[in-house]
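Engineer: Sequence:
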Amino acid sequence: MEFMSALGSQEDAYRPSLFELVAQEKLKELLQPAVQYILAIYAQRYPRLLLRLVNNHEEFYAILMLFVERHYLKEWVSTRHLDNIKFTSPINSQSSPSLTTAEISKSLLALVGLPYVKCRLDLFYQKVSGNGSILGDNEQEELENEELENPETKRTRKLMIRLIRLFKKVYPIINLAYYGSNLAYNVAYLFGKTRYYTPWLHLLGLQVQRMSMNDYSPMSAISTVFSKLIEFLKVLLPMSIFFFKFLEWWYSSEFSRGGSNHDGDNENVVPPPDKIKPDARGTKLPSTANTCPLCLASPINNPTALPSGYVYCYTCAYHYVEEYKRCPVTWIKVHNGAEDLTKLYADVM
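Mapped onto my numbering, the consecutive letters of the sequence shown carry residue numbers 1009 to 1357.
Any given hint could turn out to be false.
[Claimed, not checked] Calculated lysine-lysine pairs in the DSS-like style (CA-CA distance at most 27 Å, straight line):
1. Lys-1036 to Lys-1242
2. Lys-1236 to Lys-1283
3. Lys-1034 to Lys-1236
4. Lys-1292 to Lys-1036
5. Lys-1135 to Lys-1177
6. Lys-1242 to Lys-1283
7. Lys-1351 to Lys-1285
8. Lys-1285 to Lys-1341
9. Lys-1082 to Lys-1034
10. Lys-1283 to Lys-1253
11. Lys-1351 to Lys-1333
12. Lys-1082 to Lys-1126
13. Lys-1082 to Lys-1236
14. Lys-1126 to Lys-1176
15. Lys-1176 to Lys-1166
16. Lys-1036 to Lys-1114
17. Lys-1351 to Lys-1341
18. Lys-1126 to Lys-1034
19. Lys-1036 to Lys-1082
20. Lys-1034 to Lys-1166
21. Lys-1166 to Lys-1177
22. Lys-1135 to Lys-1114
23. Lys-1135 to Lys-1036
24. Lys-1285 to Lys-1333
25. Lys-1242 to Lys-1082
26. Lys-1114 to Lys-1201
27. Lys-1176 to Lys-1135
28. Lys-1283 to Lys-1201
29. Lys-1242 to Lys-1034
30. Lys-1292 to Lys-1333
31. Lys-1253 to Lys-1242
32. Lys-1126 to Lys-1114
What the hints contain is simulated information worked out from the structure, not anything from laboratory work.
Hey, can you work out the whole structure from these sequences and the hints?
Structural biologist: Okay, here's the thing in structure tokens:
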């Protein structure tokens, strides 16, 4: 791994390799679903406090990352430290100059603003393209065409439909250009053709470099403790996710419901209802199982149960109940006639 991290860094010791940068981005991508999962777990216990945060998770996460990134950029010598990697200005970069207020704002725009806008656009495209909708693309387009052809439809609504259709056609191209430009810059950075590994950092004029000894020296004791806390959270976060997953499994298992075979647990088992005995005046039960008591067909054709629990062919049960209003075996009254018949389905699992 040390060899892989050193690739492309022989000429400039402060220049991180592409593998380090990609690993950093992947680690950041794993943080958002972890935070969302933890919020969803606690929202089940405190819905009044956390339900709105879960429903507006993208905004909550963007605000949270805005405070975190701003703290890194301002407190730690105006550079962003993460796994010994920092943002810096390209001018006299090896001396690690402090970022200006404008550069900090640009960094926040690249770190927080752009991912939030991209996430919102992805969600909006999924919504308008029919993914996750009950109606398919064809049905949705037919409804929109009817609205466009209807003279009573407002102009603003027609304009909105046309803009959404334009967005559905243009956004896949924009998405391709977004990931394609990132890939092109990654390849160019890997071969040393550019100092920026993303086009957004190129537009903002910011480079990413390794930390030097000059960056560690200004750190106070509080910053050192804070950095140790961050290192501890890297271990605590996966452990907490595992713990929550274990709790989900535990509460959904038989152990939490007391479903063991001990004698004391049998008190919680609900006994089945008693079987209704046949009436002496009723139809005799057949000696073989899965046989209709009325027509003696075996197996029962289209099995149907009466409120008494006995099963007959649907045709036999329907005609008998409609005529006599009772169960042919137990003579229990069936007041609603055919409405009390219950269709039985074979277990196909």
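Engineer: Straight-line Cα separation of Lys-1242 and Lys-1082 no greater than 27 Å?
Structural biologist: Given that 27 Å is the threshold and the Cα spacing comes to 22 Å, the pair holds.
Engineer: Given the hint that Lys-1283 pairs with Lys-1253, test it: the Cα-Cα distance must not exceed 27 Å.
Structural biologist: violated (43 Å)
Engineer: CA of Lys-1236 to CA of Lys-1283, is that 27 Å or under?
Structural biologist: With Cα atoms ~68 Å apart, Lys-1236 and Lys-1283 exceed 27 Å; violated.
Engineer: If you draw a straight line from the CA of Lys-1242 to the CA of Lys-1034, is it 27 Å or shorter?
Structural biologist: Status holds; Cα separation ~14 Å.
Engineer: With the threshold set at 27 Å, check whether the alpha-carbon distance from Lys-1351 to Lys-1341 stays at or below it.
Structural biologist: Roughly 19 Å separates the two Cα atoms, so the pair holds.
Engineer: Does the alpha-carbon distance linking Lys-1176 and Lys-1135 stay inside the 27 Å limit?
Structural biologist: Judged against 27 Å, a Cα distance of about 10 Å means the pair holds.
Engineer: Taking only the CA atoms, is the gap from Lys-1253 to Lys-1242 under or equal to 27 Å?
Structural biologist: holds (18 Å)
Engineer: Does Lys-1114 pair with Lys-1201 here, judged by a C-alpha cut-off of 27 Å?
Structural biologist: The hint holds at about 23 Å.
Engineer: Take the C-alpha atoms of Lys-1126 and Lys-1034, compute the straight-line distance between them, and say whether it is at most 27 Å.
Structural biologist: holds (16 Å)
Engineer: Regarding the pair Lys-1285 and Lys-1333, is the alpha-carbon distance no greater than 27 Å?
Structural biologist: With a Cα-Cα distance of about 18 Å, the restraint between Lys-1285 and Lys-1333 holds, given a limit of 27 Å.
Engineer: CA of Lys-1242 to CA of Lys-1283, is that 27 Å or under?
Structural biologist: Answer violated: Lys-1242 to Lys-1283 is near 60 Å, above 27 Å.
Engineer: Just to be careful, I want the Cα atoms of Lys-1036 and Lys-1242 compared with a cutoff of 27 Å; is the pair within it?
Structural biologist: Measuring from Cα to Cα gives roughly 11 Å; hence the hint holds.
When the structure is compared with the earlier hints, violations turn up for hints 2, 4, 6, 10, 20, 22 and 28 and for no others.
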